[in-house]
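There are 2 protein chains.
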Amino acid sequence: MDDRELLKVVMKVVGKEKCSDDCAEIPFGDQVMVVTTDMLHRTTDFVPGMTDWQAGWMSAAVTLSDIASMGARPTAVLAAVGLDDWKSLEPVMQGIRDCCTKYGAEVIGGDIDRHNELTVVTTGIGVVSRRDICRRTGAWVGDLICITGTPGQAQAWLDGYHQFEKALFEPQPRVAEGQILGKVGISAMMDDSDGIALSLYDLMSVNGCGFAIDSAKLPLPAGIPAEQALELALYGGGDYELIFTIAPERFPVEGVPATVIGTVTEKRAVTVDGEPLEKRGYQHRWE
Amino acid sequence: MDDRELLKVVMKVVGKEKCSDDCAEIPFGDQVMVVTTDMLHRTTDFVPGMTDWQAGWMSAAVTLSDIASMGARPTAVLAAVGLDDWKSLEPVMQGIRDCCTKYGAEVIGGDIDRHNELTVVTTGIGVVSRRDICRRTGAWVGDLICITGTPGQAQAWLDGYHQFEKALFEPQPRVAEGQILGKVGISAMMDDSDGIALSLYDLMSVNGCGFAIDSAKLPLPAGIPAEQALELALYGGGDYELIFTIAPERFPVEGVPATVIGTVTEKRAVTVDGEPLEKRGYQHRWE
Chain A
1153 MDDRELLKVV
1163 MKVVGKEKCS
1173 DDCAEIPFGD
1183 QVMVVTTDML
1193 HRTTDFVPGM
1203 TDWQAGWMSA
1213 AVTLSDIASM
1223 GARPTAVLAA
1233 VGLDDWKSLE
1243 PVMQGIRDCC
1253 TKYGAEVIGG
1263 DIDRHNELTV
1273 VTTGIGVVSR
1283 RDICRRTGAW
1293 VGDLICITGT
1303 PGQAQAWLDG
1313 YHQFEKALFE
1323 PQPRVAEGQI
1333 LGKVGISAMM
1343 DDSDGIALSL
1353 YDLMSVNGCG
1363 FAIDSAKLPL
1373 PAGIPAEQAL
1383 ELALYGGGDY
1393 ELIFTIAPER
1403 FPVEGVPATV
1413 IGTVTEKRAV
1423 TVDGEPLEKR
1433 GYQHRWE
Chain B
1153 MDDRELLKVV
1163 MKVVGKEKCS
1173 DDCAEIPFGD
1183 QVMVVTTDML
1193 HRTTDFVPGM
1203 TDWQAGWMSA
1213 AVTLSDIASM
1223 GARPTAVLAA
1233 VGLDDWKSLE
1243 PVMQGIRDCC
1253 TKYGAEVIGG
1263 DIDRHNELTV
1273 VTTGIGVVSR
1283 RDICRRTGAW
1293 VGDLICITGT
1303 PGQAQAWLDG
1313 YHQFEKALFE
1323 PQPRVAEGQI
1333 LGKVGISAMM
1343 DDSDGIALSL
1353 YDLMSVNGCG
1363 FAIDSAKLPL
1373 PAGIPAEQAL
1383 ELALYGGGDY
1393 ELIFTIAPER
1403 FPVEGVPATV
1413 IGTVTEKRAV
1423 TVDGEPLEKR
1433 GYQHRWE
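So the sequence lines, in the order shown, correspond to chains A and B.
Our numbering numbers the first residue of the first sequence as 1153 and each following residue consecutively.
Our numbering numbers the first residue of the second sequence as 1153 and each following residue consecutively.
It should be emphasised that the hints constitute simulated quantities derived from the structure, not laboratory data.
Remember, predicted model here, so these are calculated numbers, not experimental data.
Glycine is no exception: its CB is placed at the ideal position from the N, C-alpha and C atoms.
There's no promise every hint is true.
[What the hints assert, rightly or not] For each label pair, taking beta carbons as the anchor points, the in silico distance ranges come out as:
no. : chain 1 : residue 1 : chain 2 : residue 2 : range
1   : A       : 1375      : B       : 1157      : 26 to 32 Å
2   : A       : 1420      : B       : 1236      : 33 to 39 Å
3   : A       : 1401      : B       : 1157      : 58 to 64 Å
4   : B       : 1360      : A       : 1167      : 45 to 51 Å
5   : A       : 1180      : B       : 1399      : 31 to 37 Å
6   : A       : 1315      : B       : 1196      : 39 to 45 Å
7   : B       : 1236      : A       : 1430      : 25 to 31 Å
8   : A       : 1167      : B       : 1332      : 29 to 35 Å
9   : B       : 1328      : A       : 1294      : 51 to 57 Å
10  : A       : 1383      : B       : 1167      : 44 to 50 Å
[Said to hold, decoys possible] Derived lysine to aspartate or glutamate pairs resembling EDC-like cross-links, with alpha carbons at most 20 Å apart:
no. : chain 1 : residue 1 : chain 2 : residue 2
11  : A       : 1170      : B       : 1258
12  : A       : 1168      : B       : 1157
13  : B       : 1318      : B       : 1197
14  : A       : 1170      : B       : 1250
15  : A       : 1164      : B       : 1237
16  : B       : 1170      : A       : 1418
17  : A       : 1239      : B       : 1157
18  : B       : 1160      : A       : 1258
Please work from the sequences and hints to get the whole structure.
As structure tokens, then:
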């Protein structure tokens, strides 16, 4: 049993339409408030060597990334912190606050709980005009598939390439880029936190088209043998880049360094160099 | 080290004003959006015998109670669920949904995580007009101190009085009552989830007055020796009643069954029958 199978259980209980984007939406006049929540904890997410401050930073960053992927401006974050050691609280909260401050959001509330391991749940709130909102749906045949930054670096650290520590420990969500892309008018967008492959399959599941990428175009983490670097870029998790589709005439977008990695196709399949791309990446699993 | 000492750490990092009410506030024209987040988990909150559905119900109820205590109408809930056993997800989500449906809110999003014990973080969003919002501040000397329902029942179950199972396992937040009280105009309000004693101390910490209650006026859980019942009513946690102060001429309030238990005093102290009330109740503790 994995995340995506469990998501079907949630869809059954609360409705499919509640589960199809990185954030939920609440309309307010011609503005939309977007809201997202993310649970992280020591065993799975805060790898050994990470400081409490970094655990806080990362917790805020993952939520701000979800807001960025909707094209929205983050405004507020709430943090529920479960603590095994009370001394973690101050650095965790400082990390959350510092990340929020960098990206223009404010910590407005939260909850403290005693827990058997450090567990942080951040809820982020953002605002975007109805016209500029970005969603996973909307990809159009012939659109370019693009990605910001260099995917695979966070996973590279996990595989022993410790020069990529910052990528995994202090992710930088694409908050400014998301808002620019919203204004320019992309067709579909999400973040690639579970890896490019799963992200493309997620996009296909809500769009009536396919996604063909070209491995030669993928930006790869530097200093790693090519084959392994490609593996990391396609299937590695823990990155917070934006993956989006856009009409060719709108690319490149000023202020958003991004790479074209493929094309949206009529044939409903996810492929790399014409072959089916494996459907794997970062997933939680249960026996 | 306990919750309230740790709250001071949070105040230092994010600002004192962010920590003084049951919800955070985001103004939208003449409306205010209130937001709150709560972490619950198996070891501490979901007592043995509780079903997964009840764990979900309780998780939604605690958050809806925070919204009620601001006088707001709950609109939306997000749920981050950490699962040791994936089979818990469906009943937990059903419990959350059923509680939300009963009180007029909708489950709009969430997150699924693998965890070493069932951990549920609900984030609730509510709306209230700027004029009707209720806060912990605002108590006025001479106001009545009132409480809805019968406090102490949830703790009574924990102390072996199993006739009170529903009170602990399926708390009913005072959502309708909170909104009525907001419109009538109470002076200060919060929920009593950590017990009456700690709630009164919390109120005193943000108001320039004192709180004198009369033990003979307290409604007590039925069928329990008087002395023990009083102990449960004053110091027991797990209830979700509203404790509020109100000008005498505005009481009683139609549609809100409540009991007057004391008076707001000039002298800054929390007392019961003229003696200092012990400052204890439900708190998380760390070594």
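So, going through the hints one by one against the coordinates:
Take residue 1375/A and residue 1157/B: their Cβ atoms lie about 47 Å apart, and the range 26 to 32 Å is violated. Distance hint check: the CB atoms of residue 1420/A and residue 1236/B are about 36 Å apart, consistent with the given range 33 to 39 Å. A beta carbon spacing of about 59 Å between residue 1401/A and residue 1157/B agrees with the range 58 to 64 Å that was offered as a hint. With their beta carbons about 48 Å apart, residue 1360/B and residue 1167/A fall inside the hinted range of 45 to 51 Å.
Taking the beta carbon of each, residue 1180/A and residue 1399/B are about 34 Å apart, inside 31 to 37 Å as hinted. Take residue 1315/A and residue 1196/B: their Cβ atoms lie about 41 Å apart, and the range 39 to 45 Å holds. Separation of residue 1236/B from residue 1430/A is about 28 Å and conforms to the stated range, judged on CB atoms against 25 to 31 Å. Distance hint for residue 1167/A and residue 1332/B: a CB-CB separation of about 30 Å, consistent with the stated range 29 to 35 Å.
Roughly 54 Å separates the CB atoms of residue 1328/B and residue 1294/A, a value that falls within the hinted 51 to 57 Å. Between residue 1383/A and residue 1167/B the beta carbon distance is about 45 Å. The supplied range of 44 to 50 Å therefore holds. Of the supplied pair hints, the one linking residue 1170/A and residue 1258/B holds, its CA atoms being roughly 10 Å apart against a limit of 20 Å. Distance hint between residue 1168/A and residue 1157/B is unfulfilled; the C-alpha atoms sit about 42 Å from each other, more than 20 Å.
At roughly 15 Å between alpha-carbon atoms, residue 1318/B and residue 1197/B fall within 20 Å of each other, so this suggested pair holds. For the proposed pair residue 1170/A and residue 1250/B, the alpha carbon gap of about 16 Å is at most 20 Å, so the pair holds. For the hint pairing residue 1164/A with residue 1237/B, the CA-to-CA distance comes to about 18 Å; that is within 20 Å, so the pair holds. For the given pair, residue 1170/B sits about 51 Å from residue 1418/A by alpha-carbon distance, which is inconsistent with the 20 Å threshold.
As the CA atoms of residue 1239/A and residue 1157/B are separated by approximately 12 Å, the hinted pair is consistent with the 20 Å bound. The hinted pair formed by residue 1160/B and residue 1258/A meets the criterion: a straight-line CA distance of about 18 Å does not exceed 20 Å.
Of the numbered hints stated above, those contradicted by the structure are hints 1, 12 and 16, listed in ascending order.
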